[in-house]
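Read top to bottom, the protein sequences are chains F and V. Residues in the first sequence are numbered consecutively from 526, following our numbering. Residues in the second sequence are numbered consecutively from 8, following our numbering.
Read the hints as simulated data drawn from the structure, not as lab findings. Since we're looking at a predicted model, the values are computed, not measured. Keep in mind that a hint or two might mislead.
Here are the simulated DSS-like pairs of lysine-lysine, each with C-alpha atoms no more than 25 Å apart in a straight line [said to hold, decoys possible]:
1. F:Lys590 x V:Lys333
2. F:Lys537 x F:Lys590
3. F:Lys537 x V:Lys333
4. V:Lys333 x V:Lys265
5. F:Lys537 x F:Lys635
6. F:Lys645 x F:Lys537
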Amino acid sequence: MSNVPADLRFLKSHEWARLESDGTITVGISDHAQQALGDLVFVEVPDAGRRVAAGEACAVVESVKAASDVYSPVGGEIVAGNTGLGGTPELINQDPYGGGWIMRVRPDDKAQFAALLDAKAYEAALAAETH
Amino acid sequence: MPFIPHTTDDVREMLAAIGAPDTEALFDEIPAELRSRALEAIPTALTEMEVGRLMSERAARDGRPLNFIGAGAYEHHVPAAVWAIVTRGEYYSAYTPYQAEASQGTLQLLYEYQSMMTSLTGMEASNASLYDGATALAEACLMAVRANRRSRSQRILVPASVHPAYRKVVQAVAGNQNLAFDLLPYDPRGGHTTVGSLEKYRGQDITALVIQQPNFFGTLEDVDALTDWAHEAGMLVIAVVNPVSLALLKPPGEWGTKGVDIVCGEGQPLGVPLSSGGPYFGFMTTRMEHIRQMPGRIVGRTVDLDGRPGFTLTLQAREQHIRRSKATSNICTNQGLLVTAATIYMSIVGPRGLAQVAAASMQRSAELVEALVAVPGVRLAFDRPRFHEAVLLLDRPVRGVLEALAARGIIGGCDLSADYPALANALLVCATETRTPADIAAYAGALADVMKNAAAA
Numbered sequence: 526m527s528n529v530p531a532d533l534r535f536l537k538s539h540e541w542a543r544l545e546s547d548g549t550i551t552v553g554i555s556d557h558a559q560q561a562l563g564d565l566v567f568v569e570v571p572d573a574g575r576r577v578a579a580g581e582a583c584a585v586v587e588s589v590k591a592a593s594d595v596y597s598p599v600g601g602e603i604v605a606g607n608t609g610l611g612g613t614p615e616l617i618n619q620d621p622y623g624g625g626w627i628m629r630v631r632p633d634d635k636a637q638f639a640a641l642l643d644a645k646a647y648e649a650a651l652a653a654e655t656h
Numbered sequence: 008m009p010f011i012p013h014t015t016d017d018v019r020e021m022l023a024a025i026g027a028p029d030t031e032a033l034f035d036e037i038p039a040e041l042r043s044r045a046l047e048a049i050p051t052a053l054t055e056m057e058v059g060r061l062m063s064e065r066a067a068r069d070g071r072p073l074n075f076i077g078a079g080a081y082e083h084h085v086p087a088a089v090w091a092i093v094t095r096g097e098y099y100s101a102y103t104p105y106q107a108e109a110s111q112g113t114l115q116l117l118y119e120y121q122s123m124m125t126s127l128t129g130m131e132a133s134n135a136s137l138y139d140g141a142t143a144l145a146e147a148c149l150m151a152v153r154a155n156r157r158s159r160s161q162r163i164l165v166p167a168s169v170h171p172a173y174r175k176v177v178q179a180v181a182g183n184q185n186l187a188f189d190l191l192p193y194d195p196r197g198g199h200t201t202v203g204s205l206e207k208y209r210g211q212d213i214t215a216l217v218i219q220q221p222n223f224f225g226t227l228e229d230v231d232a233l234t235d236w237a238h239e240a241g242m243l244v245i246a247v248v249n250p251v252s253l254a255l256l257k258p259p260g261e262w263g264t265k266g267v268d269i270v271c272g273e274g275q276p277l278g279v280p281l282s283s284g285g286p287y288f289g290f291m292t293t294r295m296e297h298i299r300q301m302p303g304r305i306v307g308r309t310v311d312l313d314g315r316p317g318f319t320l321t322l323q324a325r326e327q328h329i330r331r332s333k334a335t336s337n338i339c340t341n342q343g344l345l346v347t348a349a350t351i352y353m354s355i356v357g358p359r360g361l362a363q364v365a366a367a368s369m370q371r372s373a374e375l376v377e378a379l380v381a382v383p384g385v386r387l388a389f390d391r392p393r394f395h396e397a398v399l400l401l402d403r404p405v406r407g408v409l410e411a412l413a414a415r416g417i418i419g420g421c422d423l424s425a426d427y428p429a430l431a432n433a434l435l436v437c438a439t440e441t442r443t444p445a446d447i448a449a450y451a452g453a454l455a456d457v458m459k460n461a462a463a464a
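Chain F extracted, bound-state conformation (with noise of 0.2 Å):
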């Protein structure tokens, strides 16, 4: 069973996203995605000062098996990618909530982050995919 922490958002698509006090949302992909991602081989992260809208792909996780896009939970302005995950990738497999955080985004609308799905939700959609 894959962790899915009470205190974050998801997407269908299995990105997870994190309000900060500054006000941006930090995002990265979940413990269920990163499980059926396998060993993590490269990420490619955005670029700060990218203006992304909520839906577009801006990331790609690629693993021994397969590469997936990660789309931003929310529209506006990526402040931060983690680059850290350029030379270690399997951060995404070791801490997908902590240390494998891909990237932060000031969201324009903050109604955007309240629409997305809780755990509870999350953990729905998890349960109707794998039935």
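Could you slot chain V onto chain F? The hints should help.
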């Protein structure tokens, strides 16, 4: 083993299993007007003996003319051992193999090919080949758009001195994917691209600059200055090169202070004979930082469970069978046989042999130009250093002259009038190591004769 995968009985059995009366019934959902009817233009079948006879008769009609055309495909001596080895059963396949367990020989050969190409171009990584030189440039432009993350414009600067057919193919392949190409003029005296012609783009968002070396005119570009200028302006640099020339010229990995970002070109000069426009093969090399944006197959060296070295396809997550529509490219890999020939050619001639081929071609070309400009009504178009081709300007239309030479058994060069009207009566000529001093004298003699007989236009 039968060549036909299913017999009439197999077909009948399969149709019975799904309850279809005949094969035709499988297509009944396609409206009749969309179906192609019988192929009326296709003649009735001939036997192998009849086809053999027909082909020898047609080949004989070509004769054995003395060829002085280059323009992107070059006549070099191919040692007999090359194709004797390539056609061995172990190598004789057009495809890049997927199955490492069944294909170690071919995979190792491709790995050696990649090592040779990275060494020749001065880059860090090579793919296992592309379709041809022109499509390799189109792929390089698409790759530059993916790789240059500072640029959002998808605009690429392409000198007019880049092969005209390549420019057309690039437009056809990438033009519909929202890439835009700006044509850079060539210097009328040197036939090269000047840094001055780039100045008007300073401060604009441009994704990449293409540099062909030697360029379509055979002229050497000022590659160091162009590369540095483009890099300072935030562009990537794409080099289009003749692999044989790299045995003498500076490899693109060393152009300017940083070297270029992507190298591509036509691999035909490496052991592939001239053949009605193909099949040839394209090549591409790059730096490690861009490797995930490179299209095509890549063979890697690894170890098996017992620690023994072996070869396998690598970085496949970029490719279409995994990334689907987001793949770096949807090209196929059926140039494997030509790449096999190129690898064997390079291993047989070696670095010194390749340098001798390049030097002899340059020497013969210089002798050819000297002999031809001595003919009244013929002069050299450009004054810059060249590799093994040159543009000559005639005092009359090129076409009639080429026809008169053809009647004397000489293919005199490539008529540039249609692609470069500003040059008027321009003729691109080439000599490689296969042209002897006697061949050159024969051409000069025939040209003098032709130019004397017909009056200037």
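Results for each hint:
| no. | hint | verdict |
| --- | --- | --- |
| 1 | F:Lys590 x V:Lys333 | 15 Å, holds |
| 2 | F:Lys537 x F:Lys590 | 21 Å, holds |
| 3 | F:Lys537 x V:Lys333 | 20 Å, holds |
| 4 | V:Lys333 x V:Lys265 | 30 Å, violated |
| 5 | F:Lys537 x F:Lys635 | 19 Å, holds |
| 6 | F:Lys645 x F:Lys537 | 12 Å, holds |
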